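Number of protein chains: 2
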Amino acid sequence: MALLTYHDVLSAADRIHHLIAPTPLLTSAVVDELCGREVVVKAENLQLTGSFKARGALNAVAALSPAARGRGVIGASSGNHAQALGLAARHFGAPATVVIPDDAPRTKVQGVEALGARIVTYDRATGRRDEIVHRLAREEYLSVVPSADSHPVIAGAGTVAWEMLRERPDLTAILVPVGGGGLAAGTCLAAAHRAPAVRVIGVEPETADDTRRSLTSGRRVRIPPPVTIADGLGHTRPGDLTFEINQRHLTDIVTVPEELIAEAMAVLWRSYAAVAEPSGAVAFAGLLATADRLPPGPVGVILSGGNVDWPRYKNLLDTAMTRKDSLAHAPAAALLR
Amino acid sequence: MALLTYHDVLSAADRIHHLIAPTPLLTSAVVDELCGREVVVKAENLQLTGSFKARGALNAVAALSPAARGRGVIGASSGNHAQALGLAARHFGAPATVVIPDDAPRTKVQGVEALGARIVTYDRATGRRDEIVHRLAREEYLSVVPSADSHPVIAGAGTVAWEMLRERPDLTAILVPVGGGGLAAGTCLAAAHRAPAVRVIGVEPETADDTRRSLTSGRRVRIPPPVTIADGLGHTRPGDLTFEINQRHLTDIVTVPEELIAEAMAVLWRSYAAVAEPSGAVAFAGLLATADRLPPGPVGVILSGGNVDWPRYKNLLDTAMTRKDSLAHAPAAALLR
Numbered sequence: 001m002a003l004l005t006y007h008d009v010l011s012a013a014d015r016i017h018h019l020i021a022p023t024p025l026l027t028s029a030v031v032d033e034l035c036g037r038e039v040v041v042k043a044e045n046l047q048l049t050g051s052f053k054a055r056g057a058l059n060a061v062a063a064l065s066p067a068a069r070g071r072g073v074i075g076a077s078s079g080n081h082a083q084a085l086g087l088a089a090r091h092f093g094a095p096a097t098v099v100i101p102d103d104a105p106r107t108k109v110q111g112v113e114a115l116g117a118r119i120v121t122y123d124r125a126t127g128r129r130d131e132i133v134h135r136l137a138r139e140e141y142l143s144v145v146p147s148a149d150s151h152p153v154i155a156g157a158g159t160v161a162w163e164m165l166r167e168r169p170d171l172t173a174i175l176v177p178v179g180g181g182g183l184a185a186g187t188c189l190a191a192a193h194r195a196p197a198v199r200v201i202g203v204e205p206e207t208a209d210d211t212r213r214s215l216t217s218g219r220r221v222r223i224p225p226p227v228t229i230a231d232g233l234g235h236t237r238p239g240d241l242t243f244e245i246n247q248r249h250l251t252d253i254v255t256v257p258e259e260l261i262a263e264a265m266a267v268l269w270r271s272y273a274a275v276a277e278p279s280g281a282v283a284f285a286g287l288l289a290t291a292d293r294l295p296p297g298p299v300g301v302i303l304s305g306g307n308v309d310w311p312r313y314k315n316l317l318d319t320a321m322t323r324k325d326s327l328a329h330a331p332a333a334a335l336l337r
Numbered sequence: 001m002a003l004l005t006y007h008d009v010l011s012a013a014d015r016i017h018h019l020i021a022p023t024p025l026l027t028s029a030v031v032d033e034l035c036g037r038e039v040v041v042k043a044e045n046l047q048l049t050g051s052f053k054a055r056g057a058l059n060a061v062a063a064l065s066p067a068a069r070g071r072g073v074i075g076a077s078s079g080n081h082a083q084a085l086g087l088a089a090r091h092f093g094a095p096a097t098v099v100i101p102d103d104a105p106r107t108k109v110q111g112v113e114a115l116g117a118r119i120v121t122y123d124r125a126t127g128r129r130d131e132i133v134h135r136l137a138r139e140e141y142l143s144v145v146p147s148a149d150s151h152p153v154i155a156g157a158g159t160v161a162w163e164m165l166r167e168r169p170d171l172t173a174i175l176v177p178v179g180g181g182g183l184a185a186g187t188c189l190a191a192a193h194r195a196p197a198v199r200v201i202g203v204e205p206e207t208a209d210d211t212r213r214s215l216t217s218g219r220r221v222r223i224p225p226p227v228t229i230a231d232g233l234g235h236t237r238p239g240d241l242t243f244e245i246n247q248r249h250l251t252d253i254v255t256v257p258e259e260l261i262a263e264a265m266a267v268l269w270r271s272y273a274a275v276a277e278p279s280g281a282v283a284f285a286g287l288l289a290t291a292d293r294l295p296p297g298p299v300g301v302i303l304s305g306g307n308v309d310w311p312r313y314k315n316l317l318d319t320a321m322t323r324k325d326s327l328a329h330a331p332a333a334a335l336l337r
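Chains A and B are the protein sequences, given in the same order. For the first sequence, our numbering gives the first residue as 1, with consecutive numbering after it. For the second sequence, our numbering gives the first residue as 1, with consecutive numbering after it.
These are calculated hints, taken from the structure and not from any lab test. Any given hint might turn out to be false.
Claimed, not checked - Now the in silico label distances, taken between C-beta atoms and shown as ranges:
(1) B:197 <-> A:120: 46 to 54 Å
(2) A:119 <-> B:319: 29 to 37 Å
(3) A:139 <-> B:19: 58 to 66 Å
(4) B:167 <-> A:297: 42 to 50 Å
(5) B:295 <-> A:67: 37 to 45 Å
(6) A:17 <-> B:19: 43 to 51 Å
(7) B:295 <-> A:236: 52 to 60 Å
What the hints assert, rightly or not - Far from chain B, some chain A residues (derived; all Cβ distances over 12 Å):
(8) 15
(9) 92
(10) 107
(11) 122
(12) 167
(13) 213
(14) 227
(15) 314
All values derive from a computational prediction rather than experimental measurement. C-beta: ideal position from N, C-alpha, C; glycine also.
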């Protein structure tokens, strides 16, 4: 299969530009001082459907023939890709089916329902997700739109970093969350051409480190279904295409403990007035973990999504805020020296 | 004194453009369906210092002579103008003094400290604020930068609506929170020239309705120090300049109960991934209260700020979320028909 290139990202940007929300780069003087460098946060929590996934899904459905769209699309997702696919299908007049774990956040399921997609649930522990998708696709002649491991989805995801580097070509590093690896792979493609010197650093939850293990082994490793608050990153194995790209281009991969993800959510709330879901805060947690080891110069962080149920959000921020040394309530004066 | 005009807003936009953050217009398909129209939310919670106040303060300090800047600036504020003045003073190398009530939110006080401003506190109940400001200004030769009632501050605040109407000239109404009245007055100036047909609707907390009462009486009425969760809107009397402009140009003024402000904060969290402080959510509460009475067509809402302490934020959202009929967790599918 032909390799994806920067040109595919550029085409995706051209194709979806008028369909997506222009998301800002957020800044905070307090965080800049704390990290000893300028930090810009790409706010994909403000993207349509509340996550960057809208980009890949729109790009993928746009690429289907009218006949394929008429038969319908299907995808599996912990919730954000499901909403994205619902949006893309609705935009292009295609019926959509999404396969979602039965423990997906309520807010994500509601979003899918609101977009009119058919929902099929499964038990995450049994891992029969792909089986269900492929059976339904076969029986009903549906086109499968993977959440990460497909050309148009990776190219669409790459438009996030493409926009960041267009606005800030001086970034020296970009931190990106790694689940299925599509956002990381897209970021690599965008950076490799536009800013070859920029370091692309993947960030995984400690407990969901399938990509880190796979990069170490040099081949795709499968791990047991991980337990993490970052429900969007609970993958058991890197994608085929995404791993090939990430193995070649990713500068580094770091892992973060669950407490640091909650801490990152609290700092994003406090210093950026931004609502991040746990998966969406993982790259920022990576920043907090590595700020003193990064090269000098401005750094970009991808806040990938903001869909989270209130009870979970409240509990995670409460936990972070009650830690006396939390950065989320450190006296700002001290941080600003 | 010469009247302010649209030209002053234009000059302010020109002067501060490179100093402020470009804030996006947020959208939500769920809210659009709920309100039966397109709603765009101007996210000034993402402005530098976390509120629109940065605009007026930067415009005001920019207008001072180098000698006046060297002597220093002073202002009184419940917290957001204090942070804005701290930022503006730091940018232009001026020493800053801010007079803040002793019950101001901790996050706002920390923001002021971080910016290096001198803090003088007072008891809100005694209302000696202006006395303290003018005594210090006299004794130390400081230039007073009011939080709302001054030409450059109103013109700076007007750049919010100016940006909204530049991006969306088709808006039929703009909802704006009313405290001192500077943001409302600036919005009126921007709208009167660029979009004379647009309705500018001021929104006050029910308990802090000094401007509504004053508009009814035809003269500036003083009310007792109000009790409201919207700490930025607890004014006792409209400003002199701001009232003159608002009396002439404001289409309407509505008031909202405290519960609806909390509800608005919850909907902004849920549907826009946006952190709003109570004062910042008041205009959105006005939308929820009046959506069925507004003229057809797209509506703009100013989310004016996002500085709020976590315990208060958590309690207000908890209250809203536990109401069974809260829009913040109404099944989205129902809203989307």
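We went through each hint and held it up to the structure:
no.: 1; hint: B:197 <-> A:120: 46 to 54 Å; verdict: 49 Å, holds
no.: 2; hint: A:119 <-> B:319: 29 to 37 Å; verdict: 31 Å, holds
no.: 3; hint: A:139 <-> B:19: 58 to 66 Å; verdict: 60 Å, holds
no.: 4; hint: B:167 <-> A:297: 42 to 50 Å; verdict: 32 Å, violated
no.: 5; hint: B:295 <-> A:67: 37 to 45 Å; verdict: 43 Å, holds
no.: 6; hint: A:17 <-> B:19: 43 to 51 Å; verdict: 28 Å, violated
no.: 7; hint: B:295 <-> A:236: 52 to 60 Å; verdict: 53 Å, holds
no.: 8; hint: 15; verdict: 20 Å, holds
no.: 9; hint: 92; verdict: 16 Å, holds
no.: 10; hint: 107; verdict: 7 Å, violated
no.: 11; hint: 122; verdict: 21 Å, holds
no.: 12; hint: 167; verdict: 10 Å, violated
no.: 13; hint: 213; verdict: 32 Å, holds
no.: 14; hint: 227; verdict: 25 Å, holds
no.: 15; hint: 314; verdict: 6 Å, violated
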